[in-house]
Every structure is written in structure tokens, then in C-alpha cells.
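Q: The primary structure of each chain is shown beneath.
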Amino acid sequence: MKTYPSDDGRAAFVSLERGEDLLEGLHHAAAELGFEAATLQVIGGLEKASIGYYDPEANEYLPTSTGHVEIASGLGNVSIRDGEPFIHLHLVLSGRDGAAVGGHAMEGCRAYVLEAYFRALSGPAPVREKVPGLALKVWPGS
Amino acid sequence: MKTYPSDDGRAAFVSLERGEDLLEGLHHAAAELGFEAATLQVIGGLEKASIGYYDPEANEYLPTSTGHVEIASGLGNVSIRDGEPFIHLHLVLSGRDGAAVGGHAMEGCRAYVLEAYFRALSGPAPVREKVPGLALKVWPGS
Amino acid sequence: MKTYPSDDGRAAFVSLERGEDLLEGLHHAAAELGFEAATLQVIGGLEKASIGYYDPEANEYLPTSTGHVEIASGLGNVSIRDGEPFIHLHLVLSGRDGAAVGGHAMEGCRAYVLEAYFRALSGPAPVREKVPGLALKVWPGS
Numbered sequence: 477m478k479t480y481p482s483d484d485g486r487a488a489f490v491s492l493e494r495g496e497d498l499l500e501g502l503h504h505a506a507a508e509l510g511f512e513a514a515t516l517q518v519i520g521g522l523e524k525a526s527i528g529y530y531d532p533e534a535n536e537y538l539p540t541s542t543g544h545v546e547i548a549s550g551l552g553n554v555s556i557r558d559g560e561p562f563i564h565l566h567l568v569l570s571g572r573d574g575a576a577v578g579g580h581a582m583e584g585c586r587a588y589v590l591e592a593y594f595r596a597l598s599g600p601a602p603v604r605e606k607v608p609g610l611a612l613k614v615w616p617g618s
Numbered sequence: 477m478k479t480y481p482s483d484d485g486r487a488a489f490v491s492l493e494r495g496e497d498l499l500e501g502l503h504h505a506a507a508e509l510g511f512e513a514a515t516l517q518v519i520g521g522l523e524k525a526s527i528g529y530y531d532p533e534a535n536e537y538l539p540t541s542t543g544h545v546e547i548a549s550g551l552g553n554v555s556i557r558d559g560e561p562f563i564h565l566h567l568v569l570s571g572r573d574g575a576a577v578g579g580h581a582m583e584g585c586r587a588y589v590l591e592a593y594f595r596a597l598s599g600p601a602p603v604r605e606k607v608p609g610l611a612l613k614v615w616p617g618s
Numbered sequence: 477m478k479t480y481p482s483d484d485g486r487a488a489f490v491s492l493e494r495g496e497d498l499l500e501g502l503h504h505a506a507a508e509l510g511f512e513a514a515t516l517q518v519i520g521g522l523e524k525a526s527i528g529y530y531d532p533e534a535n536e537y538l539p540t541s542t543g544h545v546e547i548a549s550g551l552g553n554v555s556i557r558d559g560e561p562f563i564h565l566h567l568v569l570s571g572r573d574g575a576a577v578g579g580h581a582m583e584g585c586r587a588y589v590l591e592a593y594f595r596a597l598s599g600p601a602p603v604r605e606k607v608p609g610l611a612l613k614v615w616p617g618s
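Chains as they are written, first to last, in our numbering: chain R, 477 to 618; chain F, 477 to 618; chain U, 477 to 618.
Everything labelled a hint here was simulated from the structure, so no lab data went into it.
It cannot be assumed that every hint is accurate.
Since copy identity is lost for identical chains, a pair holds within one copy or between any two.
Claimed, not checked - Using 25 Å as the maximum straight-line C-alpha spacing, the simulated SDA-like pairs for lysine to any residue come out as follows:
| hint | residue 1 | residue 2 |
| --- | --- | --- |
| 1 | K613 | D484 |
| 2 | K478 | T540 |
| 3 | K524 | D573 |
| 4 | K478 | P608 |
| 5 | K524 | E605 |
From a predicted model like this one, the values you see are computed outputs, not experimental measurements.
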């Protein structure tokens, strides 16, 4: 993992090496950059991936696993969960024929080529909490 | 709807409550933040959604409707249309098996979990206008 | 192509005219804005498109071509390759039935409506280089 920070330290590009774990690498980058609230964009490719659909009745993620894919899109954020900076990332992945699948980035995604961009939000970080009607910890909406 | 603005007031995270209308909630957020020109990123999930493909011959949007989906990606902007701040948002949505559909966010999208990020562009907002060869109001390209 | 820069010259919206080449237009915009390191977001529609899946064994892009599509998502960056500013852009495209394909933006994409957003990273631009284990020129990850 390598960070390419801006002069003012409030944004950065990040590259992962082939084979690095996606979410671990991005968490290390956010820690190195000192970002507790930030937006995140990602493109590149993954050697393998796992993405989830949150089943609102079962209250759990149903995973979809892939082999080598393009990261056609990656959008996410850094905020606070359980007292620690936490990355929430959604991915759109495409295969050999271009067909796209999408969902919540889960454990087990491994970088092939990874180009990320973080931009910090100066100010209080949103804090993930339990709210009525949801099993997930989210930013309160009121 | 709740905004989490940056210290300089030029960017913000936004959360919607379960059941809130997506485009209404984002327009309320942009108004509360005072943003007339801004970029927008969205992830989360929707209880139901409607997205459109613009048919260049019929000059209208053909809608695709879904039930509960992940917002695998949401990218958009705020600019001026008919004298008012207007949000243009495109979505990639994925279902239980991960399969992705995409298009222009239409009326009738309802939040399940919604995490948005706005960043203002300081300076004159682009203004949507009719241009030769298009029925849509767009930012003039020359 | 028309740029709508921010007051501080560090970000801009960009519009392409119907029929303009996507990657050429975006490269012209980055040159006009003087951006050598920047993040990029794109939405809109394309009259036709070509996107690629990088085959890690053959070390080449396998193209998928389309007719008229929505740009459901476009994420990319500007950095330095072979001494020049270079745009790396990934797209998610959707058709009449909403079905999405994704991949690396290749030559031959032509704008229908194109709304882009660039934000410069003040500081040294990442430089694309050959690294062990990859045929592509990438930002070194260590």
C-alpha cells in the first residue's frame, strides 16, 4: 500500500500492490492519512471478490463471489463505528463479457490493480449507531 | 434527512431515514446546505427504485422498476434548471443475486439506508438549457 | 467541450457536445484546466461505447461494444504516464432494459450527453510505471 497525499494533507491517491487485501489495505491507508471522515472512490481490478446484498428480512448479507474482475466502480466513505474509523464501500464488478454485479464490499477481496482516492471531510465524523427499524449501524437520519 | 457538514460548509455527508423519498430528501439536503453547484456520491440501499433509460428517438425515459436493492453506485450533480437547484443522479442497483441494472434516478425511489456526500463547486453554477439536437436540458458543451 | 471551473481553479464541471469523442474531450478538458493529478466523475449518455476487461493471462483488454447507453457511472483519475497527463476511466453502462455492463473506457466512446467533474489533487502527481508482475503501467503500490 502506498499513499500519494496532497500538499494540504486533506486528500490522497492510494495504490495497493497485487495480492493485497482490499479492505485491509484501504483501512491502513485511512489510518496512515489520519482520516476519520472521508469520501472514497476506487477503480482497478481484483483477483477475486466477494460482495453482499443485505437481506432486509434475514438481516444479513447474502454474498456473491467472483474470480478476476474489473472494479467498474467503487464508492464509499470513512466514518466512525464502535469508536474506530470504518470504511463502508460498495462495488460494481464486471467480468470477461462485461456483465456487471454489484453490492457491499465484503472480506476476501484481493487487489490486482487498485487506484483509490480519499478526500477528508474536515469536521465531526458521522458516527454509526443502531437506529429503530434497522439491524445495521448507520448514520442517524434525523 | 440529516446533514453532517464540514467545518468550512463546502461539503457534507447526508443520511436519509428509512422510507424517505430519495430525490426529495437529496433536494432538501442541497437546499439546507445552500448548494447550487455541487458533485454528489451516494451508496446504501433502497426499499424500491425506478431508473430510466433515455430513448434518443422517442425523447423520453423508459423506466425500470425494482424492489429492495443495494445502491452499488450513485453519482450526480447539483446545477441550475429553470432557475432552481436541480439534482441529476445516475444509479447502479443490484439485487439478491448481485445482478446490476443502471440508469437515471426517477421519481419513486425510497431509502432503506442512504449515505450521500455533497461537495460544492465554488463559482458560477452550470445552467441547464435546451441545445440543438437534444430534447433534454443540458449544460451547453460549447 | 466546455469547462465550468471553480473560483479557485482546483475543480470544474465539464460538458461535451453530442458526438464528441469521450476520452479525447476529457483529455482536452484536463489540459485546458491544467490538471496533472485529479479525480474524475462522469454521468450522462453515449451514442456508442467500447469498454474493456483486462485479461490477466493474455495481458490485453477484451472489448465489449455497445450502441446507445446511459453512463450509469464513470469514475477515474488523471495522473502521469509517459510524461503526459493521462486519464484512466472506468464505466458502468446500461441499456434499454437497464441491464448493466462495466469495464475500462476504451477508444471509440462518443458522447450523447456528458457531465463530468474534475477535482485536482494539489501535490505531486502519481506516475504510472511498469511494476513486477503486471504488464500495465500502474501507480507503484509500495
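Q: Hint by hint, say whether it matches the structure.
A: Going through the hints against the structure:
no., hint, result
1, K613 <-> D484, "neither (32 Å within a copy, 27 Å between copies)"
2, K478 <-> T540, "neither (29 Å within a copy, 32 Å between copies)"
3, K524 <-> D573, "both (16 Å within a copy, 17 Å between copies)"
4, K478 <-> P608, "between (40 Å within a copy, 15 Å between copies)"
5, K524 <-> E605, "between (31 Å within a copy, 24 Å between copies)"
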